[in-house]
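Spelled out, the chains give:
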Amino acid sequence: MLLVIALLGIGTTFNVASATIKSATNTFDRSAAIEEGKQIFLKGCSSCHGLNAEGGAIAPSLIGVGAASVDFQVGTGRMPMADMSTQAVRKAPVYNAEQTAALAAYVATLAPGPKIPTDAQLNYERDGSTAEGGELFRNNCAMCHNFAGQGGALTQGKYAPTLMGVEPKYIYEALITGPQSMPVFSDKTITPAEKLSLIKWIKSAEAEPNLGGATMGRIGPVTEGLLAWILGLGLLIAVAVWLTMKAR
Amino acid sequence: MRTVSNEIESIKDPGPAPHVLRAADVNPRSEKRAEQQVAILFALSGVGSLLLIYSYVFVAKDVFIFIPVMGNQNAQQLGLGIGMAMSLFFVGMAAIHWAKTLMPETEVINYRHEFRSSDEDREDLIKTVKEGVAGVQLGRRKLIKRAMAASMGLFALPPVLLLRDLGPLPKKQLETTNWKSGTRLVTDPGNRPILASDLEVGAVVQTLPAVADSEHRPLSDIAKDPVLLIRLRPEEFNLTSEKLAMTHEGIIAFSKICSHMGCAVALYEQTTKHLLCPCHQSTFDVTRGAKVIFGPAARPLPQLDITVDAQGYLIARAPFSESVGPSYWERNSQ
Numbered sequence: 001m002l003l004v005i006a007l008l009g010i011g012t013t014f015n016v017a018s019a020t021i022k023s024a025t026n027t028f029d030r031s032a033a034i035e036e037g038k039q040i041f042l043k044g045c046s047s048c049h050g051l052n053a054e055g056g057a058i059a060p061s062l063i064g065v066g067a068a069s070v071d072f073q074v075g076t077g078r079m080p081m082a083d084m085s086t087q088a089v090r091k092a093p094v095y096n097a098e099q100t101a102a103l104a105a106y107v108a109t110l111a112p113g114p115k116i117p118t119d120a121q122l123n124y125e126r127d128g129s130t131a132e133g134g135e136l137f138r139n140n141c142a143m144c145h146n147f148a149g150q151g152g153a154l155t156q157g158k159y160a161p162t163l164m165g166v167e168p169k170y171i172y173e174a175l176i177t178g179p180q181s182m183p184v185f186s187d188k189t190i191t192p193a194e195k196l197s198l199i200k201w202i203k204s205a206e207a208e209p210n211l212g213g214a215t216m217g218r219i220g221p222v223t224e225g226l227l228a229w230i231l232g233l234g235l236l237i238a239v240a241v242w243l244t245m246k247a248r
Numbered sequence: 001m002r003t004v005s006n007e008i009e010s011i012k013d014p015g016p017a018p019h020v021l022r023a024a025d026v027n028p029r030s031e032k033r034a035e036q037q038v039a040i041l042f043a044l045s046g047v048g049s050l051l052l053i054y055s056y057v058f059v060a061k062d063v064f065i066f067i068p069v070m071g072n073q074n075a076q077q078l079g080l081g082i083g084m085a086m087s088l089f090f091v092g093m094a095a096i097h098w099a100k101t102l103m104p105e106t107e108v109i110n111y112r113h114e115f116r117s118s119d120e121d122r123e124d125l126i127k128t129v130k131e132g133v134a135g136v137q138l139g140r141r142k143l144i145k146r147a148m149a150a151s152m153g154l155f156a157l158p159p160v161l162l163l164r165d166l167g168p169l170p171k172k173q174l175e176t177t178n179w180k181s182g183t184r185l186v187t188d189p190g191n192r193p194i195l196a197s198d199l200e201v202g203a204v205v206q207t208l209p210a211v212a213d214s215e216h217r218p219l220s221d222i223a224k225d226p227v228l229l230i231r232l233r234p235e236e237f238n239l240t241s242e243k244l245a246m247t248h249e250g251i252i253a254f255s256k257i258c259s260h261m262g263c264a265v266a267l268y269e270q271t272t273k274h275l276l277c278p279c280h281q282s283t284f285d286v287t288r289g290a291k292v293i294f295g296p297a298a299r300p301l302p303q304l305d306i307t308v309d310a311q312g313y314l315i316a317r318a319p320f321s322e323s324v325g326p327s328y329w330e331r332n333s334q
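Residue numbers (the working numbering), protein chains in the order written: chain A, 1 to 248; chain B, 1 to 334.
Source of the hints: derived by calculation from the structure; they are not laboratory data.
Nothing here was measured: the structure is a model prediction, and the numbers come from that model.
Wrong hints could be hidden among the right ones.
What the hints assert, rightly or not - Some chain A residues judged to face chain B by a derived CB distance under 10 Å, without partners named: (1) 210; (2) 242; (3) 245; (4) 248.
To be verified - Restricting the straight-line Cα-Cα distance to at most 27 Å, the calculated cross-link-like pairs of lysine-lysine (DSS-like) are: (5) A:188 to B:180; (6) A:158 to B:291; (7) A:158 to B:273; (8) A:169 to A:38; (9) A:188 to B:273; (10) A:246 to B:32; (11) B:273 to A:115; (12) B:273 to B:243.
C-beta: ideal position from N, C-alpha, C; glycine also.
With the hints as extra help, turn the sequences into a complete structure.
Next comes the structure, spelled out in structure tokens:
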């Protein structure tokens with residue numbers, strides 16, 4: 001009996017000890033990343049967002065925006081902004097994947113916020129439904145991003161960007177963090193499974209072949225009408241002039 | 001002294017303008033060239049037809065080619081389109097060029113003649129009509145006459161009856177929605193009830209009134225019931241106390257149907273707190289109770305009075321106090 005207790009005791013101690021070691025290495029890696037992220041933040045972000053990410057006159061506070069927000073803004077090159085125009089535009093990212101992860105880890109320590117989705121959470125091919133995604137898209141996204149996900153105009157020069165070619169991770173992060181003009185679509189009201197359906201629908205719209213010829217931006221009657229009026233009517237006028245010209 | 005005549009001197013008929021000969025009429029080389037041009041145009045039309053046939057028969061449906069400016073194009077559709085355009089356009093162009101350059105074009109005078117038929121023809125027609133009327137024998141065949149009158153009268157009734165389909169009048173349908181006191185707000189799609197804590201600041205949710213699982217939601221209800229939930233920081237509101245009492249912990253609910261033309265207003269800019277209608281750019285300021293700040297809408301979006309029930313789910317405290325959606329005859333624009 002004593003032996004059993006002793007054995008149990010040794011086993012438990014060993015388990016606890018090994019677990020402590022494991023988490024210690026994790027903590028060490030994480031704290032190194034957080035420290036690196038803090039250095040990047042102080043150099044690259046603090047001039048606008050403040051030394052403690054408290055925000056300023058020209059930039060919002062980053063306390064509580066979460067790792068997902070940093071990954072989206074920095075990973076798509078929107079942050080740091082090139083100029084203080086109406087909207088941060090997508091461009092080649094300034095920081096590499098490792099630096100972005102470090103920044104995200106640092107900002108995540110400021111206050112709890114949305115986490116970066118893992119690859120396992122983003123298996124939209126398996127977990128999504130295109131039909132459900134289409135319904136969600138028409139209800140929630142189509143007003144700004146256009147019914148074919150091509151993007152559209154907002155007010156005062158702002159715009160909703162195109163969704164074509166956007167990585168599933170960034171679509172997911174945009175939904176949970178609500179970057180810039182975009183509102184937040186909470187996990188409780190559009191569940192993670194529904195978000196994957198949305199992504200699956202967007203990907204299927206992206207893969208849609210242009211069987212009907214030129215798409216003209218897929219933005220509806222504006223470009224089509226403009227083209228018909230200018231090219232079509234122009235051609236008709238030219239033909240009418242030629243018809244009534246006397247042969248010499 | 002000369003007397004001024006009141007008579008206006010009649011303008012002399014100048015006659016047709018002097019005929020100008022075309023190059024092809026006088027120069028055999030020009031004539032030859034015009035002939036060749038027409039032939040080339042016909043040939044181009046033929047090439048277009050062949051291109052159409054080739055694209056239809058030999059080009060696979062899923063082949064895409066890159067065209068500068070236009071981007072990736074479906075090769076078959078492009079071939080069909082260009083082929084048909086060429087075959088139609090150039091056959092017309094050839095015919096007109098032919099007529100303009102080579103066919104005779106001397107001016108000819110065609111005098112107008114009187115339209116009136118000859119007297120014999122007119123008398124002949126009157127006689128035929130009279131004979132026809134006599135042959136119907138309406139004066140003698142009283143039974144047929146009455147039966148015909150009755151059937152013609154009845155014949156006029158069905159169209160009058162079908163006017164009924166213009167009705168019935170909508171009665172209260174335009175004024176009421178399915179929101180009642182205590183109706184839960186549920187997600188659309190999904191039909192899940194919503195906790196106030198489900199919404200982060202800056203979140204929006206499209207909602208509909210809850211229906212029992214067994215019940216079917218008619219499409220016409222989806223046209224008037226949708227409500228948009230938006231969560232702000234409570235201090236961001238700039239509302240009258242009664243409108244503020246209709247919100248719940250920073251969550252404000254508006255009808256999603258535009259007060260201008262009934263489009264779905266759901267273009268929400270988180271940064272400016274503006275709600276836009278994608279159809280005509282009416283802009284509503286959420287912080288001021290959807291006050292119209294731009295665009296053709298004449299009045300704010302109706303606000304739904306919301307609160308939470310015992311389990312913490314969001315419910316309507318009261319139905320909408322006004323009709324949702326655009327103006328109609330009995331509802332003015334204010």
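### Task
Of all the hints given earlier, name the ones this structure violates by number, lowest first.
Hints that this structure does not satisfy do not exist here, as all of them hold.
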